[in-house]
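Novice: Following the hints, complete the assembly by docking chains B and C onto the known chain A.
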Amino acid sequence: MTFAANTINVQSSRLPFGAQYDGRFKGKHILSVSQFDVHDLAYIFDVAEEFRMLVRRIGVMDLLKGYILANLFYEPSTRTSSSFIAAMQRLGGTVIPINEVRYSSVSKGESLPDTVRTLECYADVIVLRHPEVGSAALAAQYARKPIINAGDGIGEHPTQALLDLFTILQERGRIDGLTVTMLGDLKYGRTVHSLAKLLALFRVRLIYVSPKALEMPAELVDALRARGVCQESHTQLEEVLPETDVLYVTRIQQERFADQQEYEQLKDVYSITPQVLRAAKPDLTLMHPLPRLSEISMAVDSDPRAAYFRQMEYGLYVRMALLALVLGKA
Amino acid sequence: MTFAANTINVQSSRLPFGAQYDGRFKGKHILSVSQFDVHDLAYIFDVAEEFRMLVRRIGVMDLLKGYILANLFYEPSTRTSSSFIAAMQRLGGTVIPINEVRYSSVSKGESLPDTVRTLECYADVIVLRHPEVGSAALAAQYARKPIINAGDGIGEHPTQALLDLFTILQERGRIDGLTVTMLGDLKYGRTVHSLAKLLALFRVRLIYVSPKALEMPAELVDALRARGVCQESHTQLEEVLPETDVLYVTRIQQERFADQQEYEQLKDVYSITPQVLRAAKPDLTLMHPLPRLSEISMAVDSDPRAAYFRQMEYGLYVRMALLALVLGKA
Amino acid sequence: MTFAANTINVQSSRLPFGAQYDGRFKGKHILSVSQFDVHDLAYIFDVAEEFRMLVRRIGVMDLLKGYILANLFYEPSTRTSSSFIAAMQRLGGTVIPINEVRYSSVSKGESLPDTVRTLECYADVIVLRHPEVGSAALAAQYARKPIINAGDGIGEHPTQALLDLFTILQERGRIDGLTVTMLGDLKYGRTVHSLAKLLALFRVRLIYVSPKALEMPAELVDALRARGVCQESHTQLEEVLPETDVLYVTRIQQERFADQQEYEQLKDVYSITPQVLRAAKPDLTLMHPLPRLSEISMAVDSDPRAAYFRQMEYGLYVRMALLALVLGKA
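So the protein lines, in turn, are chains A, B and C.
Using the working numbering, you'd call the opening residue of the first sequence number 3 and step up by one each time.
Using the working numbering, you'd call the opening residue of the second sequence number 3 and step up by one each time.
Using the working numbering, you'd call the opening residue of the third sequence number 3 and step up by one each time.
Excised from the complex, chain A in its bound form (with noise of 0.2 Å):
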């Protein structure tokens, strides 16, 4: 961790990272968070940054025309698909939309590896939903082309936790120093753990709060803190708010509860009201990897210091630049 200190900081508009296009990504396969270093994440914001001035600038480019991403999506999800179809809208090239694969060939029987290995005779990279844990993985063992695993199951959603940390940068202009503390159910949510794992990477101070049934599991907290992350767990948000520079709010998902009046209960308690903000510092960023319900009351959406729909964007920014990375284009 300590190599990490002070390597990505935000000095100006644009992103000193200095980093060398050096075509690292080129053919790779987005799998995990597990597999990049310090270096390659700010290689990757390095071009995301450079993607967002562009898109705000001219909206779209021709970088990536002529170049055909294969959508694939064993389960829905309208904002991840949305912003993949985007994202190589926006860099020039088209997309095979496929949303219908629970009907398909896949209902029939076939393999994952057969779906992928039909599906690169026809694009040029394919983005993978799927509900199981290990299918990116899986997909990526068969496939001559890039695989970008935009979730699988339980198990990771590498590009959101890039976008989480994109946010959390851009908004703060460096994640070195930072508290960052995570809320709500930590125990089932793959977004909290990956985000902890890129976090690991820079010097943070980590606060996870969450009711004891839903709380960080101990096999991540032992390995940060071999790591020598610094964490803290606690269950009311009000200790900590305070001192907290980054608050990561996920849903509590009414189904993990047996009991359903302790539902209730906590759904109250780890809910985010403007109340709850006077708390809070004037500069804190607000984050949720949405969809949400009632964990941040719409009520907080006009202050400042929501970042949720920001982060949307930065997300954006962050798929064009995978994309165009791994199809050796940046």
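Wrong hints could be hidden among the right ones.
Once the Cα atoms are required to be at most 27 Å apart in a straight line, the calculated DSS-like pairs of lysine-lysine come out as [claimed, not checked]:
{"hint": "1", "chain 1": "A", "residue 1": "147", "chain 2": "C", "residue 2": "67"}
{"hint": "2", "chain 1": "C", "residue 1": "147", "chain 2": "B", "residue 2": "67"}
{"hint": "3", "chain 1": "B", "residue 1": "67", "chain 2": "C", "residue 2": "331"}
{"hint": "4", "chain 1": "C", "residue 1": "67", "chain 2": "A", "residue 2": "67"}
Pulled a few chain C residues facing chain A out of the computed Cβ check, cut under 7 Å [claimed, not checked]:
{"hint": "5", "residue": "61"}
{"hint": "6", "residue": "80"}
{"hint": "7", "residue": "85"}
{"hint": "8", "residue": "87"}
{"hint": "9", "residue": "315"}
If you anchor each label on the Cβ, the simulated ranges turn out as follows [to be verified]:
{"hint": "10", "chain 1": "A", "residue 1": "214", "chain 2": "B", "residue 2": "67", "range": "49 to 59 Å"}
{"hint": "11", "chain 1": "B", "residue 1": "146", "chain 2": "C", "residue 2": "307", "range": "19 to 29 Å"}
{"hint": "12", "chain 1": "A", "residue 1": "113", "chain 2": "C", "residue 2": "224", "range": "37 to 47 Å"}
Source of the hints: derived by calculation from the structure; they are not laboratory data.
No residue lacks a Cβ here, since even glycine has one placed at the ideal position from N, Cα and C.
Specialist: Relative to chain A, chains B and C alone:
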């Protein structure tokens, strides 16, 4: 209504509306027919007519190159959805097609405002079809990008009404002075309600033909009367067909009837056949919003007075015009 | 059949069919394999081979820029649907993807002719997949724009048969003189029926291997015999594998069997494994329309004789050729 007289009048192949491009719809939402006055209509139809000629001559334009449409359909509508996709593509733009909303974030309970605020991170304009009345207005309240209402339940479907009016203008060369007869289910049909409101801006005679149980709602009739529109109600088409210039047929839906025998009987009474059309004017314009079942016999399709497939095509140009106008690129 | 001898024969990397571009498919429908003679096939494959080389060299063309394909799938087929989308996009055209037909206007009872006449207002060519035999021919009867049949129930699937034949030609360099063995469910498989009809235009030997209950239909065998095709029927693959040049495997579907034990037994008997292939020619071409289950072991995939994924890719070029030809742009 008097102000509208002869404002829209085709004298040559080029619509000489004399509208000045003033960017009046740039960044605006298209939510309801009530938002348009006669000058707006002239403006939209002028652009639609230009696109009609351009599509016939060159097929596709680069006007919206680099622009992305999020085509957000919460309920299926092959016709409307395909029409907007084609409209965007013929203008050189691209589309994020979203038809799976029922299974995805919305089914997890996400609010429409959140979905819209997410999609506007990726797209430049959003077309929304939603089963609930008022949904488009709700979306527009939160959106920074233009929303085009493609139907919100039994509420509004303004682009359908605009294409209907554009069809009449194209087929007849004028609106004023026409006798327009609406046939079928006038109680529940949002199509005829919206079209009647638009026609009320002109000097027309409206004739309603329907079973007693499916008459035009009294409030709408009263509102149009207050604007001075000449209206009549009948139950038999034969009484008014000979004097009809435009016959707008709608479907009578079986599920509206408790007594199935009554339905079967009415279904036949209001069915347009070659035999029925013998009593019509030789230059009648026969319209239908489609899909149609038995209310217009397929034997009528080859009659040059059958305008319903041309009506579909006019819809393409009207939707192209709306997309270009709200994006400020007409 | 004699006239076909050696007409299609690869002598160099460029197919020297010597076909003259005469616009013969411009504006035409592609409905059935029966519509093609040997010269048509040479013409289509010549264009397909050109596109194959162009895609390898430059990825995408602008040949169909400004053209729109309505990809109308009444039943899901990820493979065929994706293939047509990619084909259109690689030619520079755009696609209206329609996969939701079962929920929309058709589910309201709209007739296929109306749907087709609506879509041709928006698109330049329509690819149709429909569960009912004869649907493509019905659609073509009403359409002013070209219809390409992408499968109508147990009826026709002409683009599959064309890509199968193109695969044989590409892999073997010729059609005449080959021994083609078809294995599996020959009774219900439309794929083998269509391919057999196309192969009957050439000087080939056809061997059928299937359980007695799933033999090639007698009418088809009789029709091919009348054209002078040399045909044999077997129940054991081992009897004919050593002399087979092209082995076309199809799936035996469980639901065809009343006796599940019989199915389990047959499933294994007709399964292709590395062990089975030891008895095959070293230059065998092993094909399968995909999706495959256990009828070809995944252990065979790395065998260079396994041509089924290359077969998928050839499908792209054949479909590109068909789209370009019916639009008069080859």
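Novice: Using the beta carbons of residue 214(A) and residue 67(B), state whether their distance is inside 49 to 59 Å or not.
Specialist: holds, 55 Å
Novice: Do residue 146(B) and residue 307(C) keep their Cβ atoms within the hinted range of 19 to 29 Å?
Specialist: This hint is violated: roughly 58 Å between Cβ atoms.
Novice: Hint residue 61(C) vs chain A: min CB-CB distance below 7 Å?
Specialist: holds, 4 Å
Novice: Quick one: are residue 113(A) and residue 224(C) within 37 to 47 Å, going by C-beta?
Specialist: holds, 38 Å
Novice: Given the hinted pair residue 147(C) and residue 67(B), is their Cα-Cα distance within 27 Å?
Specialist: Since the Cα atoms of residue 147(C) and residue 67(B) sit roughly 26 Å apart, the hinted pair holds (cutoff 27 Å).
Novice: Against the 27 Å threshold, does the CA-CA distance of residue 147(A) and residue 67(C) hold or violate the hint?
Specialist: It holds: about 26 Å lies between the C-alpha atoms, which stays within 27 Å.
Novice: Let's test the interface hint: is any C-beta of chain A closer than 7 Å to that of residue 85(C)?
Specialist: Holds, because the Cβ-Cβ distance from residue 85(C) to chain A comes to roughly 6 Å (cut-off 7 Å).
Novice: Holds or violated: are the alpha carbons of residue 67(C) and residue 67(A) at most 27 Å from each other?
Specialist: holds, 13 Å
Novice: Need the status of pair residue 67(B), residue 331(C): alpha-carbon distance at most 27 Å?
Specialist: Given that 27 Å is the threshold and the Cα spacing comes to 23 Å, the pair holds.
Novice: Was the hint right that residue 315(C) lines chain A, CB cutoff 7 Å?
Specialist: holds, 4 Å
Novice: Using the nearest Cβ pair, does residue 87(C) come within less than 7 Å of chain A?
Specialist: holds, 5 Å
Novice: Restraint: residue 80(C) near chain A, CB-CB cut 7 Å. Satisfied or not?
Specialist: holds, 4 Å
Figure legend: structure checked against the earlier numbered hints; the only hint not met is number 11.
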